[in-house]
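Both chains are sitting in their own frames, so use the hints and assemble them into the complex.
Keeping their order, the protein sequence lines are chains A and B.
Everything in the first sequence is counted per my numbering, starting at 1 for the first residue and increasing by one.
Everything in the second sequence is counted per my numbering, starting at 1 for the first residue and increasing by one.
These are calculated hints, taken from the structure and not from any lab test.
Check before you lean on any hint, since a few could be wrong.
Stated by the list, open to error - In silico lysine-lysine, DSSO-like type, Cα no more than 27 angstroms apart, as pairs:
| id | chain 1 | residue 1 | chain 2 | residue 2 |
| --- | --- | --- | --- | --- |
| 1 | B | K42 | B | K4 |
| 2 | A | K140 | A | K112 |
| 3 | B | K65 | B | K13 |
| 4 | A | K162 | A | K135 |
| 5 | A | K135 | A | K193 |
| 6 | B | K81 | B | K4 |
| 7 | B | K54 | B | K4 |
| 8 | B | K21 | A | K112 |
| 9 | A | K112 | B | K81 |
| 10 | B | K66 | B | K2 |
| 11 | B | K13 | A | K112 |
| 12 | B | K81 | A | K193 |
| 13 | B | K54 | B | K81 |
| 14 | A | K35 | B | K81 |
| 15 | B | K21 | B | K54 |
| 16 | B | K42 | B | K21 |
| 17 | B | K2 | B | K54 |
| 18 | A | K2 | A | K226 |
| 19 | A | K35 | B | K66 |
| 20 | B | K66 | B | K42 |
| 21 | B | K21 | B | K81 |
| 22 | B | K2 | B | K42 |
| 23 | A | K116 | B | K65 |
| 24 | A | K193 | B | K54 |
As the list claims (entries may be wrong) - With the Cβ distance kept under 7 angstroms, some of the chain B side facing chain A (calculated, not the full set):
| id | residue |
| --- | --- |
| 25 | Q19 |
| 26 | T22 |
| 27 | A24 |
| 28 | I72 |
| 29 | S75 |
In this text, a Cβ means the ideal position worked out from N, Cα and C, and glycines have one as well.
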Amino acid sequence: MKFGVVVFPGSNCDDDMIHVLGSVLGAEVEKLWHKDTQFEGYTPEDCIVLPGGFSYGDYLRAGAIARYSPIMQAVISFANQGGKVIGICNGFQILCESGLLPGALVRNEHHKFISKNVCLRVETTDSLVTSGYQKGQIIKMPIAHAEGRYVTNEGGLAVLQKNDQVLFRYSTPEGALFSENGSTDNIAGICNKERNVFGMMPHPERASEAILGNTDGLALFQSLYKGELQAT
Amino acid sequence: MKFKAEINVMPLKELLDPQGKTVARNMDHVGISGIEDVRIGKRIEIALDAPDEKAAEALVDQACKKFLANMIMESYSFEIKSA
Numbered sequence: 001m002k003f004g005v006v007v008f009p010g011s012n013c014d015d016d017m018i019h020v021l022g023s024v025l026g027a028e029v030e031k032l033w034h035k036d037t038q039f040e041g042y043t044p045e046d047c048i049v050l051p052g053g054f055s056y057g058d059y060l061r062a063g064a065i066a067r068y069s070p071i072m073q074a075v076i077s078f079a080n081q082g083g084k085v086i087g088i089c090n091g092f093q094i095l096c097e098s099g100l101l102p103g104a105l106v107r108n109e110h111h112k113f114i115s116k117n118v119c120l121r122v123e124t125t126d127s128l129v130t131s132g133y134q135k136g137q138i139i140k141m142p143i144a145h146a147e148g149r150y151v152t153n154e155g156g157l158a159v160l161q162k163n164d165q166v167l168f169r170y171s172t173p174e175g176a177l178f179s180e181n182g183s184t185d186n187i188a189g190i191c192n193k194e195r196n197v198f199g200m201m202p203h204p205e206r207a208s209e210a211i212l213g214n215t216d217g218l219a220l221f222q223s224l225y226k227g228e229l230q231a232t
Numbered sequence: 001m002k003f004k005a006e007i008n009v010m011p012l013k014e015l016l017d018p019q020g021k022t023v024a025r026n027m028d029h030v031g032i033s034g035i036e037d038v039r040i041g042k043r044i045e046i047a048l049d050a051p052d053e054k055a056a057e058a059l060v061d062q063a064c065k066k067f068l069a070n071m072i073m074e075s076y077s078f079e080i081k082s083a
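Same shape as in the complex, but just chain B (with noise of 0.2 angstroms):
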């Protein structure tokens, strides 16, 4: 079965995200304001093929956590969705 896998990797909450302060600081800038905090992280989008959602989502789990994510600085969350 085709399955596309919708992956967010997220600097860890405890960690200074430098570019999502940076974003929040300048939000005044372009006149928006009541920004409190602004976090950047990634999104990646994976197509893949497996025998059925559960193997699908053992295989993005182990993907993300040998590969997409580094767990000492970032966190990760995924949806399985048929594709």
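Chain A on its own, in the form it takes in the complex (with noise of 0.2 angstroms):
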């Protein structure tokens, strides 16, 4: 399994995420261009990651000039063909833009940029990038966005509960939940319904290493690599 970072004019956590996938996890792993309208030799057991950053500036919206960048045809169809994409902050925005998964991320609710070590809740294991982790488990992870607030349509809300697609929910470290940015729900990360495309706002590949003081992501990317589920 391999995995392809997208580097879209304005990211810049591609760097970080290519260190984690490569140094740490010791996967293949590459970095894609934004003009590229297709990438070869990927299966759907590959990963393509939209990294954090501020691609295209934020202008108009987080993320919606990304959206309609020339790699992000193909990685909607590849998406669509089953394959993996995760997001991690603008790239989970740049994922809500295009549709691959629902709802959008908007101004934090006290119009602050908010930089800070959160607490987060596991959600659910049903899934590749959370089914290293215990349900309920508290984990710690730095969040670094201005829109971060997460909003569905009407009913979209419902939808994600009734199909267990909310990977993480903000927290206090007791397991209170809490957000900081008025997210709905106190939404931190979900899935698509088919359970192949992920996107959060919290920031696992800075929490993927002891001398960064904090590992809590690296259990993440560890079963997003192996591709494993847990036994139920």
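This is the structure we're talking about:
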């Protein structure tokens, strides 16, 4: 299994992501360029990563312009064929704008850019990115965003809940739900109904090495890499 | 024919607009009272070429739906004028 990390103009977490996937995880990983109209040699076993950053300067809306970049048309067909796609932070915003994930990410409730470590409660283990955790486990990851308040259209929330699509919710260290950004239902990360597209605002790639003081994000990449779901 | 489209993109009424709320709350500091609510959106001006006004309207509507507004968080309205 290999990873392709898409670089948009304004991506700034691409190298961190490549370091974690390549050097920490030991996976095969390459950069993909936003202007490319296709990527060769990928099967649905492989994974496309949309990293964090400020693609196109967040002009118009975060992710709105990147969503129409040439490579995203290939990413959308890859996802529709069952290929794995994960978007972190700006990558999550791009996935929502593209319609691969439901909902949208709007300005934080208090109109502030929030950059801090937050606690997340693992809401389901039935996904390739959360199967390495325990349900209800509290983990810590940094967030760094101004547009991270998750919203859905009418009925959207019920669909997410019904299909067990909420991966992470913001919480206190004790596990009580609480979000800094005002997200609907404290949602921090979701997957699509088919469970091959994942999006989250927190940064697991900044929490995957002991030298950085936090390895809570590593289990996410490990289970994704192994392609293993928990035995039920 | 040349047209000009004046587009307003606004955050949906049912969504909290933190920018508008902050501006509203600070009107008192400016010495302006009586402001009950502020909502802040975007105004976009587009110059375009289309066979007639109806075609121009269809084109701008498509641009709004596909790109300029995100219907999950925003609504839009526009006016077409001859340029």
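Results of checking the hints against the structure:
The straight-line distance between the Cα atoms of K42 (chain B) and K4 (chain B) is roughly 16 angstroms, inside the 27 angstroms bound, and the hint therefore holds. In summary, the hint linking K140 (chain A) to K112 (chain A) is supported, as the alpha carbons are separated by about 21 angstroms, within the 27 angstroms threshold. Annotation: proposed proximity of K65 (chain B) to K13 (chain B) holds, straight-line Cα distance about 18 angstroms (limit 27 angstroms). The suggested pairing of K162 (chain A) with K135 (chain A) holds, with an alpha-carbon distance near 17 angstroms, which does not exceed 27 angstroms.
For the hint pairing K135 (chain A) with K193 (chain A), the CA-to-CA distance comes to about 19 angstroms; that is within 27 angstroms, so the pair holds. A threshold of 27 angstroms between alpha carbons decides the hint, and for K81 (chain B) with K4 (chain B) the separation of about 5 angstroms falls inside it, so the pair holds. With a CA separation close to 13 angstroms, the supplied pair K54 (chain B) and K4 (chain B) stays within the 27 angstroms bound. Taking the CA atoms of K21 (chain B) and K112 (chain A), the gap is about 13 angstroms. The hint holds against a cut of 27 angstroms.
About 38 angstroms separates the Cα atoms of K112 (chain A) and K81 (chain B), which puts this hinted pair outside 27 angstroms; it is violated. At roughly 22 angstroms between alpha-carbon atoms, K66 (chain B) and K2 (chain B) fall within 27 angstroms of each other, so this suggested pair holds. As the CA atoms of K13 (chain B) and K112 (chain A) are separated by approximately 21 angstroms, the hinted pair is consistent with the 27 angstroms bound. The hinted pair formed by K81 (chain B) and K193 (chain A) fails the criterion: a straight-line CA distance of about 44 angstroms is larger than 27 angstroms.
Of the pairs offered as hints, the one joining K54 (chain B) and K81 (chain B) holds, with about 11 angstroms between alpha carbons and a cut-off of 27 angstroms not exceeded. For the suggested pair K35 (chain A) and K81 (chain B), the alpha carbons sit about 35 angstroms apart, so the restraint of at most 27 angstroms is broken. At roughly 37 angstroms between alpha-carbon atoms, K21 (chain B) and K54 (chain B) are farther apart than 27 angstroms, so this suggested pair is violated. Using a Cα cut-off of 27 angstroms, the hinted pair K42 (chain B) and K21 (chain B) holds, with the two alpha carbons roughly 16 angstroms apart.
At most 27 angstroms may separate the alpha-carbon atoms for a hinted pair to count; K2 (chain B) and K54 (chain B) meet this at roughly 12 angstroms. Of the supplied pair hints, the one linking K2 (chain A) and K226 (chain A) holds, its CA atoms being roughly 11 angstroms apart against a limit of 27 angstroms. For the proposed pair K35 (chain A) and K66 (chain B), the alpha carbon gap of about 20 angstroms is at most 27 angstroms, so the pair holds. A hinted pair counts as satisfied when its Cα atoms are at most 27 angstroms apart, and K66 (chain B) with K42 (chain B) qualifies at roughly 16 angstroms.
This hinted pair does not check out: K21 (chain B) and K81 (chain B) have alpha carbons roughly 32 angstroms apart, beyond 27 angstroms. A hinted pair counts as satisfied when its Cα atoms are at most 27 angstroms apart, and K2 (chain B) with K42 (chain B) qualifies at roughly 23 angstroms. Proximity of K116 (chain A) to K65 (chain B) is assessed by CA-CA distance (about 35 angstroms); at most 27 angstroms being required, the pair is judged violated. Under the criterion of a C-alpha separation no larger than 27 angstroms, the hint pairing K193 (chain A) with K54 (chain B) is inconsistent with the structure, at around 39 angstroms.
Given hint, Q19 (chain B) at the interface with chain A, holds; its Cβ is 6 angstroms from that chain's nearest Cβ, closer than 7 angstroms. Checking T22 (chain B) against chain A by beta carbon gives a least distance of about 6 angstroms; that is within 7 angstroms, so the hint holds. At a threshold of 7 angstroms, the smallest CB-CB gap from A24 (chain B) to chain A is about 12 angstroms, leaving the interface hint violated. The beta carbon of I72 (chain B) is positioned within 7 angstroms of a beta carbon in chain A (closest approach about 4 angstroms), and the interface hint is therefore held.
Taken as an interface hint, S75 (chain B) does not check out: its beta carbon lies about 12 angstroms from the nearest beta carbon of chain A, beyond 7 angstroms.
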